[in-house]
Every structure is written in structure tokens, then in C-alpha cells.
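Student: Model the full assembly from the supplied sequences, consistent with the hints where possible.
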Amino acid sequence: MIPGSFSYHRPASVADAVKLLSDLGEEARPLAGGHSLVPMMKLRLATPAHLIDLHGIPALKGISRSGNNLVIGAMTTQHDLLASEDVAKSMPILHEAALLIADPQVRYRGTIGGNVANGDPGNDMPALMMTLGASYRLEGTGGARDVAAADFYQGAYFTALEPGEILTSVSIPVPAAGHGYAYEKLKRKVGDYATAAAAVVLTMAGGKVATCAIGLTNVHETPLLAADAAAAVIGTSLDAATLKTAAAAAAAIMAPAADARGPVEYRKHVGGIMVTRALQRAAANAK
Amino acid sequence: MNDMTPTREQRSAALEGMGCKRKRVEDIRFTQGKGNYVDDVKLPGMLHGDFVRSPHPHARVKRIDDSEALKVPGVLAVITAETLKTVNLAWMPTLAGDVQMVLADGKVLFQNQEVAFVVATDRYAADDGINKVIVEYEPLAPLVDPFKSMDKDAPVLREDLAGKTSGAHGPRKHHNHIFEWTVGDKELTDAAFKKAEVTIKEMISYHRTHPSPLETCQCVCSFDKIKGELTIYGTFQAPHVIRTVVSLIAKLPEQKIHVIAPDIGGGFGNKVGAYPGYICAAVASIVTGKPVKWVEDRIENLTATSFARDYHMTTEIAATKEGKVTGLRVHVLADHGAFDACADPSKWPAGFFNIVTGSYDFPTAHLAVDGVYTNKAPGGVAYRCSFRVTEAAYCIERAMDILAQKLNMDPAELRLKNFIKPEQFPYHSALGWEYDSGDYHTAMRKMMETTGYAALRKEQADKRAAFARGETREIMGLGVSFFTEIVGAGPSKNCDILGIAMFDSCEIRLHPTGAGIARMGTKSQGQGHETTWAQIIATEIGIPADNIMVEEGNTDTAPYGLGTYGSRSTPVAGAAIAMAARKIKAKAQMIAAYRLEVHEDDLEFDIDGFRVKGLPEKFMSMKDICWAAYNSVPPGMEPGLEAVSYYDPPNMTYPFGAYLCVMDIDVDTGVYNVRRFYALDDCGTRINPMIIEGQVHGGLTEAFAIAMGQEIRYDEVGNVVTGSFMDFFMPTAVETPHWETDFTVTPSPHHPIGAKGVGESPNVGGVPAFSNAVNDAFSFLGSTHIQMPHDFWRNWKAAKQLGAVA
Ligand SMILES: Cc1cc2nc3c(=O)[nH]c(=O)nc-3n(C[C@H](O)[C@H](O)[C@H](O)COP(=O)(O)OP(=O)(O)OC[C@H]3O[C@@H](n4cnc5c(N)ncnc54)[C@H](O)[C@@H]3O)c2cc1C
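If you're matching them up, the sequences are chains A and B in order. Here the first sequence is numbered in UniProt numbering, starting from 1 and rising by one per residue. Here the second sequence is numbered in UniProt numbering, starting from 1 and rising by one per residue.
FYI, nobody ran anything at the bench for these hints, they're computed from the structure. There may be inaccurate statements among the hints.
[Unchecked claim] Label pairs and their in silico Cβ distance ranges:
#1 A:Asp23 with B:Arg298: 35 to 41 Å
#2 B:Gly35 with A:Tyr108: 47 to 53 Å
#3 A:Glu265 with B:Glu716: 17 to 23 Å
[Claimed, not checked] Below are the BS3-like pairs computed for lysine-lysine, each with C-alpha atoms no more than 25 Å apart in a straight line:
#4 B:Lys797 with A:Lys187
#5 B:Lys797 with A:Lys244
#6 B:Lys797 with A:Lys189
#7 A:Lys187 with B:Lys800
#8 B:Lys623 with A:Lys189
#9 A:Lys244 with B:Lys800
We put the beta carbon where it would ideally sit given N, CA and C, even for glycine.
Tutor: So, in C-alpha cells, the structure goes:
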């Protein structure tokens, strides 16, 4: 568990960072909180020759408003998210999910940018970003572009990031006032990735579901939007039969790997239960 | 007496002796990051070694090419089996009478086996080096399932044993067989089963797990060529044994070997034996003339140094219709991995598993254990238990529940009916032990009253009815466990390690000012010896515990001892401490008599000094006696005040306890909630109640982990799939249940202070309590036995198989 040797760079601006990345090519990797990258390096599953530490770039940190969107700098830590009143008030599901990531030590270092850019299906933020309709700003030497979270994930550790690009911020539309939300995560212990998790954001009208988005974590090689499941609950009052249909529709798109958390069948089964529980809790806290 | 004279209570309290909740003195340095662990040892010019390990569970090693590795800056040497052969160290003896490869000699027998040792100027260079060593393997068919070890066509694992029809423990039945060990009266037991009104039979497995201490195994070896001396700093639970082993296998004179075990971050049995890392670091130091450090990482610890358990116990009980047990028959298939590297006393290939009759009065019993080889890491150590005692306790406690279920009887009631009665002690068990003392009925009843056992059973019945009506998806289980341990190895008549009797020792020296130092052959790894040993001395000789410095772990200064494991420290070294203190006290009495000008027999010991009987004002404090010992001893007496004791215990001690676990399980997810856990321990005389409570909390937490998910698992082709804390269940404070502790006190009649040892009880008794709770929860759905570990998905699987989830 000793990493190989690497060179360390600490640029002071996004421009310098992307220049370094494109000059150094494939052998260079951005370093954010290091809580996904460094463990991989210790196992020598990742052996970057150059680490471009993004901590020296003030512009990448902070939470601000842009119209109806919350814009979060890539280097904002999970702890910063938990400390933000704006997040707690306008996007409580982000607060709830951040609190379910590992432990305080990890959250002090781990960043939202690293979490969503990593491409690990076990990360909690990606499915949540898809559920909330977020988009990511990617910047390279050629300029900036925005990519929807829903279009970003291509496979385990494969994303829309092009070589030389970094993710600079995440932009999330603030959900409607009175919306219901829940992030249900089954894990074996603190510090464990989800056996299965489901994010639900919905609005209710007259006791019936008016709008709904459902995201799924760690039940496929990429995070998923469970569109059919969400469609199935619109216009219902989440009666038992509807919940069953929704859970089944969600389970139908899951393809988890068997691991120490359990066999495929179990992970799909509890994935469905997470969906059911998240829907019920979201409906209950919607106003 | 004026008001300033302390009362007897105050004088007694000032000693902080036995029974005092004295704060742990070692915590002053531990809580401030000032402990001194092996990795803190940094010697001038020190080199670092690291292993090239096998990716294959079973393969022939065709070629090792170190040429590229030697080009890595900082890499100085690559040691292989060929290098070790030049000093006759390619193989080493194990404590179990087997031999083990130090580095792969022609073959590898488990994944992550040590293949080559790279020595470099720093840890990074060593790791760069291991990545450049090229090893060519020819994979062989792996043998993973111990039930297939003795198949006719099973692959031959140990080619070195070809033609050997017997091993250290008698005949071998097959090329992958290690030993068969039988105890008890087979005929009588078979007869009991023939006549039995009721019998049960179940294959009860105790899965493979790992002690996984916070600090992994490590050492620094430093060979001084001029003096011909080898100094080894290491994480050793038994430093003197390591010294003797090194002397025997490296053929170095024992006085030229200095073994130092500094602070140790947990052992739990993982640090009793000798590992290839120690041999390689020592050889590397001898070859290079520089100190060499070897530090295991977490993956190496979990996958290569000693595992625990892997016992598959086919268990049968014979009983009457009324629930009186009449016979016990157990066959164990013991998976030892690639080498038999158990750390048991020499004559005990299955440890003290013959304690399997537990707390019950079995008129007859028979036990047979077959040890077999598989392509898995070696070990089988006593993970926070006396040798194989937790396996035995799990076996009998699970089986008693299965019998209760068959008889439709409450498991607590069945136990009460079969307990050994207080008047039967000392009790001779059907499998050969002499239990020293116990009062099981009192302990069990106290547990039942304190927990409201009857009301809990009523609640369970209501919940089951509600479940049947579809009103809840939660089921409730009550896990009863009543364990009897056998600890304190051990009497020389039946216990030795490599021929050395398992006594232990203490040397106490008192200084002129009423202070002193005490050294033992034991070695604390977190048990708090520096605190409790001083308390025994404080009570015995009346010097405040704070004035006694306790030192362990340096073989040059400590008297020879067999170390700390198997809950043996208090039963054995604790006794040696009391005996050494009593020798000092006897001399102190002579000095006091001389100074007070009375006959010795006219003196009585009174808390912190000697008093003339009937003349309370004529008193000499121990503090003053210490001073006198260095200037005015009676004529003909040698000055000084010190003593050594080597204690060979007359018997083992038999701690016991009554535990109850209350658990709820959500059948849809398999998620459990340990609602309550009550642990009553009887460890005889209690030296420090706070430390006992701490030991119980720690042991229960480990028991919880083991029963509920902690597992070393291999896939069907021999890859170990639980090599890190992401997959090997290590609970945090968040998952750990709340513990309620309680006690009764039944002193050991043969121990000088009546103490029995407690460090391992909670692990021994805890595992069956958790497992019985899970099994009890599911029993009304029709199951008799669900194997551990009971993690979420397995609970769900059980619910599904029993038809409780679609
Ligand atoms: C014990 C433990 C438990 C954990 N449990 C969870 C959990 O339950 N849920 C969860 O979601 N996470 C979990 N994590 C991961 C944690 O949240 C990480 O911090 C996070 O996944 C990555 O963020 P980071 O800032 O540490 O990124 P890093 O580790 O520094 O980087 C991760 C990857 O993203 C790349 N990268 C980082 N920032 C950028 C950027 N701005 N632009 C482009 N690429 C970038 C890096 O090059 C690297 O490839 C856990 C981590 C640990 C150690």
C-alpha cells in the first residue's frame, strides 16, 4: 500500500491547471481531496506520473447563486456542503446525502468535484445530480462547455471529461418550494459505499404526485435515472400497488455486481426497497 | 489519634489496590500520541524490507528474475528461498509441529504467500522493487473447500510431506490430512445415542475470520556483526518464546539475542507465532549488516498472517424427553490452510476444544477433530479466546438452542436443567477437564431477572403473531448464551510450547523510598497490565500502585515467561505477582519485627505496614520497611527487598457468564438492530472493575463483528476477496451496540488471589449470543440452523428461503 513515485504540481489558476494537464498528457491527473485517488494509488491501481493539485485555485471553491441555480465550485468539500445554510434550506437532499458519505475525516477532504468527476458508480453525488437535473462545467485549453449530469457518465470510471479538461463547477437548479425529497441509502457500516441507494425529488398536488425524479446509486456501472419508475408514480397517491410497480420498474434497469455486500439478486431487491422508502418519505415531507 | 491521621479506608484507598477502578496509567502516553510502537523505532542506517507475494493460490514457481528490481534506485538485495537455503532457513518450524515455507520454495500454496523479500533504503524503493521482480508461475488446481481436502483425487498440496504417513500428532490418513485428535469414550457415547429418546444433529460452522489488530505485525532486526548479537524489536505477544525460537532456528546463542516488544497496538492472537517477515528481516540484517524494518500493511495482515477459526463442527446431542442431556458427539473438520501454524500448546492440536461439553453435565461425550490442508493462508490462532475455546462455546451453545427447539422448550430453561450444580465443583468433565469453581444457576437467574427475560419472550410471541397477521415486517430474536471458558494455560503437566512449560513469572524490586519496579514474562497489548499488575502488588504489600512501575517486553530484563494470550496473564502471571509479593512481604515482616523489637509472629499486616498485635500504636509502614531494607536489616539477613516467582499453576481457571442479546431483523432488507445486549461475567476476584468493563466492551464488539459479518472469504478458485476494511467488516462506534455489563463473583479456589481472567470471555460468550438471537428470530419460520456470519444479505436470504419474502 505504498504509491509509486510521481511529480507534484500546484497551479494557481484554472488556466494553468488545464495547460499543465494538456502539456503532461495522459500521465497527469487532477488531485482534489484525494480520497478516491490516493487509495487507488496506494494499491497502484492508479499510477499517475503527475498530480495536479487543485487546492491552490481559489476560484474553484465556494457556493453561490446564479439565477435559480446553486453553483458549487468543484473544490467545495462535502463538509462545506454540510455547513452551508443555503444548501440546507433550498436543497436539503444534498445535505442529507452528503451526511451519508463516509465519515467526518473523509468529508473534510473529499470534494463535490472529485465525487462527481470520479466516475465510480459507488459515489453518492452523481445519481443525486442526475435526479436534480444538474449540469457540470468542464474547462479545457479550448474553453468551457456544460454537460448535463445525465449525459456525463459512460461507464465505470468513464465520463464525458476529455483529456486535458477539468470540472470546474456544478450547477443545480433549485427544486420547487415545498418539494419532497429523500435519499435512502443501505450500507453495512459508516464508511461503506451503498449496497443500493435511491434519490427521490418530487412535488405533490392534491395528495397526488405531480412531478418526480428518481436516481439510483451503485446498482449499475453508472449512476441511473429511473425514468419509468418515476413515470409510474405520477398522478398516484403512492398506494401499495403503485409503489410495487415503481420498485419493479427501477429494479428492471439495475445491473449491480455481486460483491461482499451481497449477490446481484439481493442488491436489486434492496434497490427496489430503497426506491419505495424514498418515495414514501419524500411524499411525507412534501408540502 | 488526631484528625490528620488517615482512616483505614483512606489508607486503603490511597493504595489503589485490587477492586479499585484505577485509571489506566498507560493511557497518559497513548492518548497523547506518545506511545512507542515498533514503527516508531528508527535506527541509524535502517533499511526496509517488503514482500513480493503470489497472485496464485496454488502454483509452481518456475523462475524468479530480480535483475530489473536490483536496478531500482535504493534497492539493495532481493532475498529468495535460494538465498535462505544457504543459511538453512527456507523453511521454519511452526508451533504446531509442522514446517512452513519462509519464502516460496518451488511452489506457492496460498494467495499472497511470501515469494521474495526486497530490501531497500526506504519503504518506497522497496515497493518499487517488488513491482519489478518477475516471477514465472505455472498455476496448479487450487483446493479451497476443506470438505474436499481428503477426496481421492484432491490435488497434493504439501509435496514436502510426500511419503510421511504420520505427523506431529500421529497418523495421517491422506496427503492433505494433518492430524486426527480424539477425546472421550466412544463406546459409551455411542451407547448413549442408541438409547436416546431425543437426538439432534447439525453441522455448525464457525467461519474463517481474522484478529486484525489496529497495529499490524512488524519488526526491526538489527544484527551487530562485531558482537555477534541480534536485537529484534517486534510486535510480540510472547517475546521470550520468540527469543528461544530464533535461537533454535538461527543457531544463535540465546544470550546474544535481545527481543524487545515495545507498546503493542492489539494482538488478539495474531502476534503469538513467528512469521516469514521476522526471519527475512533478521537474515537481511545479518547479510547487510544494517538494521532492517518490516511492517505489514493491512491487506497483508488480513490475507497472510494468522487467521482464526474455520472449524466445521458436526454436532450431535442425545437427551431424554424431559430435556436432560445424556451424550455429546462432535466431529470437527478443521481447515488449517497451507501449513499447520496454529499457536496451541504442543500437545493440543485442536487446542482445548474438548471444553465443548460447556456448562452442562454430560455423562459421556466423544470428540474427533480432523485437521486438513487447503490453499489458504495458514493460522488457526486463538483470536481473543483461549485455544479453540470460542469454537467450542459456539458449538455447544448453538447445539443447546437447537435441542431446545426440538424439545419445544425454552433455551434458558433447558440450560438451567442441565447445568453443572455448585456442589459438583471441582467437576470432572466427560472430556477430561477439572472445572475449578462455578455457580451457573445464580448467574443465569440473575441474567433472566435483570433483563426481564420472561417479558421479552412474551413480547416476542406477540410480535410473531403480528408478523403472521402481516402487521409488521420485523422479527425478534432472543440469543441466550451461557459459556464456560478454560483459560490460564497452563499447568506444566499438560501445557508446553516447544517443550517449555507454560508457567509465568514476576520479579519485584522495591527501592529505598518505598517505590519499586516489577517485571513480568507477560506482554500487554492493550489489556492494561501496567495498571492492574501494580494493583495486585499494592494490595499484597501495601505500597501505593502509583509507586510501582511495571515493565514488560524486554527479554534481557524481564524474567522468562510465556507471554500474553489465551487469557493466561492474570491466571498465571497474576499468580506469580502475588507470590513474588508475598515473598517480599515475608522478608518485610522480619525487618519490621527486628525494628519494632518483637517476634515476627507478634506482627500482623495492616493495609500498608505491620502492626504489633494488641499494640496498635506500634506500627511500621512498608515505606519505612523499604528504607530499613537498605540500611538496617537484622543480623545475618542480606540487604535489599526483592523477589522472583515462577508460577506453575495447579489447574486452569474456568470463567463463565450469562449473556442475552435482543435483536430485531427487518426481513425485507436483512438489516438487524441489536436492541439490547446484557453480559454477566464471572471472572472470580475482580482486580480493576473499570478495566474488566473495558475488556468486556472490546470483546463484545469483536464478537458482534464476527457473528454479524466479519469474514475472510475465498472465492471458489482461491482468491481471497475480503482483503481490506472496505470488505472485512470492522464495525465503528456507530454500528456497535450498547452494552449492559453485570457480574457475579465465584473466586478460583486454587489461584492465590482467586482471579480467573476475563479478556476473552466476551468474545467466547458473545458470538453464540448474537448467532442464537438471529437463529431464534427465524426459528418460528421453520429453520433450525443458519450459518454465520449473519450479515444483511444472508439474513435476507434466510428470510427468502423460509418464505418470508417473495
Ligand atoms: C473510507 C471512504 C469511504 C467513502 N465512502 C463514500 C461514500 O459512501 N459515498 C461517496 O460518494 N464517496 C465516498 N468516498 C469517496 C469520497 O467521497 C471522495 O472524497 C470522493 O469520491 C472523491 O473526491 P475527492 O475530492 O477526494 O477526489 P480525488 O480522490 O482527489 O479525485 C477523484 C478522481 O476525480 C478526479 N478529479 C478530482 N477533481 C476533479 C476535477 N475538478 N476535475 C476533473 N477531475 C477531477 C481525480 O483526478 C480522480 O481521478 C469514500 C472515501 C473513503 C476514503
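Student: Are the Cα positions of B:Lys797 and A:Lys187 separated by 25 Å at most?
Tutor: 17 Å, holds
Student: Has the given pair, A:Lys187 with B:Lys800, been kept, meaning a C-alpha gap of at most 25 Å?
Tutor: 20 Å, holds
Student: Are B:Lys623 and A:Lys189 close enough, with their CA atoms no more than 25 Å apart?
Tutor: Measuring from Cα to Cα gives roughly 54 Å; hence the hint is violated.
Student: What's the verdict on A:Lys244 and B:Lys800, does the C-alpha distance respect the 25 Å limit or exceed it?
Tutor: 18 Å, holds
Student: Verify the proposed pairing of B:Lys797 with A:Lys189, using a straight-line Cα cut of 25 Å.
Tutor: 19 Å, holds
Student: Take a look at whether the Cβ-Cβ distance between A:Asp23 and B:Arg298 falls inside 35 to 41 Å.
Tutor: 37 Å, holds
Student: Range hint 17 to 23 Å: satisfied by the CB atoms of A:Glu265 and B:Glu716?
Tutor: Since the Cβ atoms of A:Glu265 and B:Glu716 sit about 18 Å apart, the hinted range of 17 to 23 Å holds.
Student: How does the Cβ-Cβ distance of B:Gly35 and A:Tyr108 compare with 47 to 53 Å: does it lie in that range?
Tutor: 25 Å, violated
Student: Is it true that the CA of B:Lys797 sits at most 25 Å from the CA of A:Lys244?
Tutor: Holds. B:Lys797 to A:Lys244 sits at ~20 Å (cutoff 25 Å).
Figure legend: structure checked against the earlier numbered hints; hints not met, in rising order: 2, 8.
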